[in-house]
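Start from the sequences, fold in the hints, and give me the full structure.
Residue numbers (the working numbering), protein chains in the order written: chain A, 1 to 372; chain B, 1 to 372; chain C, 1 to 372.
Everything labelled a hint here was simulated from the structure, so no lab data went into it. Heads up, some of the hints might be wrong.
[To be verified] Here are the simulated distance ranges between beta carbons:
1. VAL220/A / ARG175/B: 53 to 59 Å
2. THR143/C / GLY46/B: 49 to 55 Å
3. GLY170/C / ARG101/B: 29 to 35 Å
4. ALA193/A / LEU284/C: 51 to 57 Å
[To be verified] Not close to chain C: a few residues of chain B, all C-beta gaps over 12 Å, as computed:
5. LYS74
6. SER77
7. ALA183
8. ASP250
9. SER277
10. ILE343
As the structure is a prediction and not an experimental result, all values here were calculated from the model. Heads up, the beta-carbon is just placed ideally off N, CA and C, and yes, glycines get one too.
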Amino acid sequence: MSTPASVTPSSPEGESQGGFNVDRLFLGLLAVFFPLAIASHFFFPGVWTFVLCAVALVPLARLMGEATEVIAHKLGSGLGGLMNASFGNAAELIIALAALRSGHGDVVKASITGAILGNLLLVLGAAILAGGLKYPKQKFNMTAALSGSAIMFLALTAMSIPDLFHSVRGPAADRVLFPMSVAISVILLIVYALSLLFSLRTHSHLYAGEADGEPEEMPVWSTKKATLVLLGATLGVVVVAEFLVHAIEDAIAAFGFTHTFVGVIIIAIIGNAAEHSTAILMALKNKMDLAFNIAFESSKQIALFVAPVLVLVSIPLGQHLTLEFSHMEVLGIAIGTGAATLIALDGESNWLEGVMLLGVYAILGVAFFFIP
Amino acid sequence: MSTPASVTPSSPEGESQGGFNVDRLFLGLLAVFFPLAIASHFFFPGVWTFVLCAVALVPLARLMGEATEVIAHKLGSGLGGLMNASFGNAAELIIALAALRSGHGDVVKASITGAILGNLLLVLGAAILAGGLKYPKQKFNMTAALSGSAIMFLALTAMSIPDLFHSVRGPAADRVLFPMSVAISVILLIVYALSLLFSLRTHSHLYAGEADGEPEEMPVWSTKKATLVLLGATLGVVVVAEFLVHAIEDAIAAFGFTHTFVGVIIIAIIGNAAEHSTAILMALKNKMDLAFNIAFESSKQIALFVAPVLVLVSIPLGQHLTLEFSHMEVLGIAIGTGAATLIALDGESNWLEGVMLLGVYAILGVAFFFIP
Amino acid sequence: MSTPASVTPSSPEGESQGGFNVDRLFLGLLAVFFPLAIASHFFFPGVWTFVLCAVALVPLARLMGEATEVIAHKLGSGLGGLMNASFGNAAELIIALAALRSGHGDVVKASITGAILGNLLLVLGAAILAGGLKYPKQKFNMTAALSGSAIMFLALTAMSIPDLFHSVRGPAADRVLFPMSVAISVILLIVYALSLLFSLRTHSHLYAGEADGEPEEMPVWSTKKATLVLLGATLGVVVVAEFLVHAIEDAIAAFGFTHTFVGVIIIAIIGNAAEHSTAILMALKNKMDLAFNIAFESSKQIALFVAPVLVLVSIPLGQHLTLEFSHMEVLGIAIGTGAATLIALDGESNWLEGVMLLGVYAILGVAFFFIP
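This is the structure in structure tokens:
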């Protein structure tokens, strides 16, 4: 991963080729919607601000992700892996913090649920379907995928306990839910730290194969340029996330969506759009290991890093975010984890399995749409 | 599947052999119980009508299945497959429609649950046990079996959402449950149609091996004879199903059974008796792929075709059947899917695994027996 | 298993080696804590009696287990296997009976839950972690492990039905819960008996490999000495268990623990300490098959033998113990079974998988700690 020989500058192929160019599309989106989103907030605030901010966040999140990857690559596998693991979902974390500070704790939790479901069902399903339309059968490393399943199972355990506790104890549970959530968050962060030790140190060879494909997708930026891009994109995300959060209530009023639907489906899709396109591209190149890795790694970071960090950060913010998710969210995570696991079990995928994951996502979408 | 060379006329072997002959047994049952059931309805209506109709439906359902298979075979793999997929569970569908028209919505839903549990636990368990008593270890194609599991997982998702929704929202959910069920039914039917495209078109080679065994079981009927048998048997099923449904209340009063028990255990066993015997015969011939295929395909047809069709057909009938199943039914489907998946995971079966499935079925039977 | 040639007297190696000696440690514990526990009960009863009895039970349970194994070995594979299967968890059974007679039905059920969770998560997790720190990758027989999963799934079914039934029916269920539990218990015992037939008779060759490792761990006692040790240790367990149960209320008052926590975590750890150390030793010797076998066999014995026997024995005791576990316990068993199954699926283990199991155990520990 860190030997210079394995780095293939991909930009020429990636940017000047005749075919579909994802990076250029994202830059165009940014150039159009970022100024519009800013202008909308000041001159015509309301539901349009929400929509414009949502669209502008997609390329911003992508830029942050790319800059992080370039810097991580230059730092080498140890430090770089650590950086990737911490900043990989920085955009989600910033949006969630903005929502948390404005007291939208429910939307924050819904966006955590939505990001996990989006990765395990929508991203993975679309990638398997797209790849399956091109290749009749695609193989991947079952052991790596099942390891991701096991970690998600741990996350599911963590997210189901407070909900059950509340429904068993009723209002008497309120006092206990926050300390319980803090204790569970600490356990999750410890397991997350150990999982980094595993993938970056003791068992880094297992992940070596995966890195071969990544350089192709990485822009040829100098460290300085990447750092500037990272700073600029982060600043942009921070600003636009604030504006988006301010417009949440207008959007809910205008579209008739529920808070949960906004969090689970809309905000989560914004945060995952970049992973989405990358996973599909990998599947079309028959690199299913990478597609699975994107879906499971991103879910893992949300569940074992972003969620517990938000719980701990909520203490100084005075918001006391708990890990209590709704019944529907817990069932959703259980279903998402189960479906992705079932697909991963035989180490092969075909387009019908992609349809199946998307079908599960659609049914959950119906459910979250109707929930008030 | 459609090349004439592969067709082995099985009737001589199947009918004149010294051993156990399933077809003759079913014809005998029909000759005795069909007239008795009719007579009972008119001359001594009541609990005996229920019992006689129940027994008469078993060979009728079997005849319908056989005639469908013969016609499907002559139509070739494409159209024939479509026919098999649509009429494969026609008997269940007719019984359910009769019950639905008489306002027994609960019994209809219970019979859907029961048919799925019957296939995944009773049919598969009995087949694995029977095969396992003859062979110490039987192998099957794990990938095909797991693909069935994945589809059943989708069905489980569809069946669990309305129940959860109701228990979360209380009476306020009533208004929403029917539109939600319609939306979910449409998703299920789309996935079902795509799964037919998969098995009949894009990946039909995967199922080619399975067809080798089927001709042996198929009667040597001309298309004309098969069509007449199909029409006659369908008419018979329609009549007897009506009589059976009329006698449901008498049976419940006489035996002390609950509505759920009648649907889940009794009606479901009637509808599955034919699959049951075929799956066991396949297992005894060490064709475990076929036994698994019968169990999973039949469950899939019930969950992804019969159930959503009943929901949509309930609109013109003015009955508004929802996909809301009881907690116990949802748990039952979850347990059945999980148990069959666990058994399928290693691609091998032995008699203890059959006992395990039957044990799970027995425990669920106890539960449904006690539920009022 | 029963041929004398395969018996390797291990005592010299096991006891006189320079390294860590488990047997000597346990004997030392016994010599110190058994007299203290007895004295405490009579001279300074209260919370210290609880602690001392708890510690004294660990080596007593171990001695019972070792003596049982020696006698079983001399009896040969048939009768010996039967003896191992019936007395393997005799210590747990005795402690549970003592608690049941004193009317601590909740603690009994909690200790059943705790013993299963302890085996599937703590024992297996610690073994995988310990083995994984020594070997980067350890392989085991996936089929055998999954067979254990399937049996635990049956147990999960049995334990979840009465809880669901109660929450659906409310107080009206009370009348039905005991007969339902008896019916389910009978089914579990039948499956248990058949599973013995499977492992000792029809498929004993599958377990032959496992036996190779056991002689190394077995003390070189004559049948007479083993019988005397078994009688003495059993007597000791009976006495100390009575004293422990008498002190439960004092311990709950002193430590502020809940009844559930005492049962799930403390009593269960006492009963499993011996399995715990053996499984870790096996993992350190790279015999992961044995480590998995210890965890799954012990869980199976608790769920399919100890629990139903306690239900049936409660009839003459007039206590009417049901199989109704709390929501939290049912969720715990479901999570434990799911986690162990996910780890077993690929036939390989590494230290991170051990961490994952221990993380799930820790989260459940947090949950049971907070439940009043």
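Honestly, do GLY170/C and ARG101/B meet the 29 to 35 Å range at C-beta? holds (33 Å)
Interface exclusion of ALA183/B relative to chain C, criterion Cβ beyond 12 Å: Label holds. Min Cβ-Cβ 27 Å, cutoff 12 Å.
Okay, THR143/C versus GLY46/B on CB: inside 49 to 55 Å? holds (52 Å)
For the pair ALA193/A and LEU284/C, does the Cβ-Cβ distance stay inside 51 to 57 Å? Given a distance of about 25 Å, which is not inside 51 to 57 Å, the answer is violated.
At 12 Å, judged by beta carbons, does SER77/B keep clear of chain C as stated? holds (34 Å)
With 12 Å as the threshold, tell me whether LYS74/B passes as away from chain C on beta-carbon distances. Correct as stated: the minimum Cβ-Cβ distance to chain C is 41 Å, above 12 Å.
Pairwise beta carbon distance, VAL220/A to ARG175/B, judged against the given window 53 to 59 Å: Holds - the Cβ-Cβ distance for VAL220/A and ARG175/B, about 57 Å, lies within 53 to 59 Å.
So is SER277/B really clear of chain C, every C-beta pair being over 12 Å apart? holds (23 Å)
Confirm or reject: ILE343/B is not an interface residue toward chain C, with every Cβ-Cβ distance exceeding 12 Å. The claim is violated: ILE343/B sits with its nearest Cβ about 6 Å from chain C, within 12 Å.
Nearest-CB test (12 Å) between chain C and ASP250/B: holds (25 Å)
Figure legend: structure checked against the earlier numbered hints; hints not met, in rising order: 4 and 10.
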